[in-house]
Amino acid sequence: PISFLEYLKENLTMVIAVTAVTVALILFLLLRSVRAENKASEGRQIISEAEHDKLTGLYNRDFFVLYANRLCREHPEIHRDAVVMNIERFHSLNTLNGRDFGDEVLRTLGAAIEDFLTGTDGIAARLEGDTFEIYCPSQADYRAVLNRFQSRLDERFPSADIRVRMGVMPWQEGLRPEQMFDRARSACGMAR
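In this note's numbering, the protein residues as written are 126 to 317.
I should point out that these hints are in silico values taken from the structure, not numbers from a laboratory. Warning: the hint list may mix true and false statements.
[Claimed, not checked] Between beta-carbon pairs, the in silico distance windows are:
(1) ARG195 <-> VAL148: 54 to 60 Å
(2) GLU176 <-> THR144: 43 to 49 Å
(3) LEU180 <-> LEU154: 38 to 44 Å
(4) PHE226 <-> SER276: 17 to 23 Å
(5) GLU298 <-> ASP246: 17 to 23 Å
(6) LEU300 <-> GLU176: 47 to 53 Å
(7) ASN272 <-> ARG301: 28 to 34 Å
(8) TYR192 <-> ILE141: 21 to 27 Å
All C-beta atoms, glycine included, are put in the ideal place defined by N, C-alpha and C.
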């Protein structure tokens with residue numbers, strides 16, 4: 126019988142070759158895996174950027190509608206309300222104080238909405254300019270929610286006269302999110 130060490134000595138060249146090929150194959154597979162992960166990460170980043178408004182980080186309109194419909198379809202047992210908000214006279218505010226100021230107002234309101242939705246199954250989007258939509262589990266007191274957003278803006282911009290208005294369409298069986306938001310937009314427009 127031949128010992129393992131004797132076998133290695135007699136076949137050293139073959140052992141080195143097999144070991145080198147094995148190490149090379151492992152390195153090749155690791156490199157390929159890293160490249161695939163980087164490519165997937167880039168894809169996720171592109172998708173995330175396409176889904177979200179760059180200024181506020183909230184969803185953009187297209188993805189928001191898709192997710193709202195999906196939430197409605199997949200969790201019909203959860204009653205969600207449609208909320209539309211906008212900033213009164215935002216164009217004038219932007220013109221008088223500059224675009225950077227207006228952008229900061231939008232970011233502040235977006236952050237307040239994110240805080241409001243934390244821990245809920247709700248989602249939000251920034252539409253054109255100063256309009257925001259929220260699809261959230263039903264709330265008992267939307268006046269308090271509006272006051273919360275208004276207070277956040279008042280604290281951040283004490284010398285500016287910034288007013289937020291809100292329209293709400295409470296959950297109603299049989300209505301799709303689009304229908305609810307149409308009604309919430311009308312209510313927001315009447316809330317002067």
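- Take the C-beta atom of GLU176 and the C-beta atom of THR144, compute their distance, and say whether it sits inside 43 to 49 Å. 48 Å Cβ-Cβ, so the 43 to 49 Å window holds.
- Task: Please test the hint of 17 to 23 Å on the beta carbon pair from PHE226 and SER276.
- Result: Given about 19 Å between the Cβ atoms, the range holds.
- Task: Note whether the CB distance of TYR192 and ILE141 lies within 21 to 27 Å or breaks it.
- Result: The hint (21 to 27 Å, Cβ to Cβ) is violated, given that TYR192 and ILE141 are roughly 57 Å apart.
- Query: Lying within 28 to 34 Å: is that true of the beta-carbon distance ASN272 to ARG301?
  - Reply: 29 Å, holds
- Outcome for the supplied range 47 to 53 Å, where the beta carbon pair is LEU300 and GLU176: Given a distance of about 25 Å, which is not inside 47 to 53 Å, the answer is violated.
- Is it true that the C-beta distance of LEU180 to LEU154 lies inside 38 to 44 Å, as the hint says? 42 Å, holds
- Given the hint of 17 to 23 Å, check if GLU298 and ASP246 actually sit that far apart at their C-beta atoms. Since the Cβ atoms of GLU298 and ASP246 sit about 18 Å apart, the hinted range of 17 to 23 Å holds.
- Is 54 to 60 Å a correct range for the gap between the Cβ atoms of ARG195 and VAL148? 47 Å, violated
Consistency note: the structure conflicts with the earlier hints numbered 1, 6, 8.
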